[in-house]
Amino acid sequence: MLGVMLYFYSGRDNTPFFENVMGTFITPVQKVFSRITETGGNVIKSYTQYQDLQKENEKLKEELSKSLGVIRQAQKSISENQDLKKILGIKSANPDYEFCLAEVISVEPTKWFSSFIIDKGQLDNISKGDAVMTHDGLVGYVIEVGFNYAKVSSVIDTNFVVGGIISRTREVGVCEGEYSLMDNGKLKLSYAGKEANFVVGDTVETSGITETLPKGLAIGRITDVKMEAHGLSQYAVIEPFADLKDLKNVFVITQFGTEEITAE
Amino acid sequence: MTRQGLINKHLAYCVVLLFAFILQAGGNNLQFNALFEPDLIFAFIVAAAMLEGEVFGFAYGLAGGVICDILGSRPGYFALFYMLLGYGVSLVIRYLVVNNIKSYVIICFAGYFLMSVITFFLVHVIWGQGGFFDLIINVIFKRGIATVITGVGIYYLLRFLGEKAESIE
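Top to bottom, those sequences are chains V and W.
Each residue of the first sequence is one higher than the one before, starting from 131 at the first, in this note's numbering.
Each residue of the second sequence is one higher than the one before, starting from 824 at the first, in this note's numbering.
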């Protein structure tokens, strides 16, 4: 037997016949086993890789979520920064104003009135009657204050009444909300007299007659001039400068003007 | 219905009311578009009153009105109004009409119209505000239609929740 094996595996050029026959039959079987082993190996390798990929996926998802949170925070900060820059501009023009930045957290649910709630209150030195603005113009004034919230009546609310003045002609009137104009997002300037010189495009600002509101706060622009139902006077329809469709951040003027005490 | 089923049903109703309130009071839009802003709380109160009778109609009306008044600028007005609405609707269902979707549509629209006219007179006309006919066409009619359309969904939702709660023990 040993002799036969040595004969078959000794160094020679031609493959012996028996070996050739054995190899021919064994080779396909070996191929099959090799494929099975290879496939099994690939399956195990895929499974372990899948586990690794899954872990990596979870980790990446978590990092993405954190990054998105950071981006959202950054965007909010950018927006707040822009608002604050504009407030700074207003503050530079009016150094005696004290502001408090607030966020709108809800609006009047019944839609019969136009008021909203902000997230600052008495603890932030806000008091009833304080003007509420955006950098574009007046939004309303505070009608009710809690410790950490305040209700604001917007410029288009029927409850809103302030003294107004036309910037161009210095004619005074009363800016007030009216329900028929409210759903269009407008208010009216009335009690200005039959001969009042309203021109479409004129700017209206606060006159300072209302004690709690400083003078010169931009309210809106005249878009139409109509005659009152009684025919005795005109009124102007005002479109507010402030964007009332997307009111997120506002600022409250908590203090303005300097009190001069004169001794007599 | 078992006690637990009753509790489940009213808890589900409270969730629906809260959801309706969040949808109505949320957002940052102070400009009102009548066709796309139905009065969900009103629709809920009418549906709940029709399905649950006088006591719960009164209670849900009061609850809906109180949460409207908390965020509103006329404290007490809607609490009183919705309370009477809930009670009134349930009486109408008990003595006058059958409780079905047709009755709901009619009661909801008529009730909203009536409430709107009364509110306008009490809150605006008395203080010299005008534009009544403009209000009818551009606000009350449009919002009434929107309220009824969404209200149909709320009515069926409350009926479904009630039946589901009854089946759970």
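The hints are simulated quantities; they were obtained by calculation from the structure and are not laboratory data.
Values in this document were obtained by computation on a predicted structure and should not be read as measured data.
For each residue, glycine too, the CB sits at the ideal point set by N, CA and C.
Among the hints, a few may not be true.
As the list claims (entries may be wrong) - Computed list of lysine to aspartate or glutamate pairs in DMTMM-like fashion (alpha-carbon distance at most 20 Å, straight line):
no., chain 1, residue 1, chain 2, residue 2
1, V, K356, V, E325
2, V, K241, W, E989
3, V, K356, W, D892
4, V, K258, W, D892
5, V, K216, V, E325
6, V, K216, V, D226
7, V, K241, W, E877
8, V, K206, V, E233
9, V, K378, V, D226
10, V, K345, V, E369
11, V, K375, V, D249
12, V, K375, V, E228
What the hints assert, rightly or not - Derived CB-CB ranges, DEER-like:
no., chain 1, residue 1, chain 2, residue 2, range
13, W, L914, V, S207, 52 to 58 Å
14, W, V920, V, V329, 18 to 24 Å
15, W, V838, V, S257, 54 to 60 Å
Cross-check of the supplied hints:
1. For the proposed pair K356/V and E325/V, the alpha carbon gap of about 12 Å is at most 20 Å, so the pair holds.
2. Using a Cα cut-off of 20 Å, the hinted pair K241/V and E989/W is violated, with the two alpha carbons roughly 36 Å apart.
3. Only pairs whose Cα atoms come within 20 Å are accepted, and K356/V paired with D892/W is rejected, the gap being roughly 34 Å.
4. Among the hinted pairs, K258/V with D892/W is consistent with the structure: their alpha-carbon atoms are about 18 Å apart, no more than 20 Å.
5. Taking the CA atoms of K216/V and E325/V, the gap is about 37 Å. The hint is violated against a cut of 20 Å.
6. Of the pairs offered as hints, the one joining K216/V and D226/V holds, with about 16 Å between alpha carbons and a cut-off of 20 Å not exceeded.
7. Restraint check: the Cα-Cα separation between K241/V and E877/W comes to about 27 Å, which exceeds 20 Å; the hinted pair is violated.
8. Between K206/V and E233/V the alpha-carbon distance is near 12 Å, which keeps this suggested pair within the 20 Å criterion.
9. Restraint check for K378/V and D226/V: the C-alpha separation of about 25 Å exceeds 20 Å, so the hint is violated.
10. Simply put, K345/V and E369/V have alpha-carbon atoms about 19 Å apart, close enough for the 20 Å limit, and the pair holds.
11. Restraint check: the Cα-Cα separation between K375/V and D249/V comes to about 19 Å, which is no more than 20 Å; the hinted pair holds.
12. Between K375/V and E228/V the alpha-carbon distance is near 26 Å, which puts this suggested pair outside the 20 Å criterion.
13. For the hinted restraint 52 to 58 Å between L914/W and S207/V, the CB-CB distance of approximately 56 Å keeps it satisfied.
14. In this structure, V920/W and V329/V break the distance hint of 18 to 24 Å, their C-beta atoms being roughly 57 Å apart.
15. Checking the proposed 54 to 60 Å range against V838/W and S257/V shows it is violated: the Cβ atoms sit about 37 Å from each other.
In terms of the numbered hints stated before, the structure departs from hints 2, 3, 5, 7, 9, 12, 14 and 15, listed from lowest to highest.
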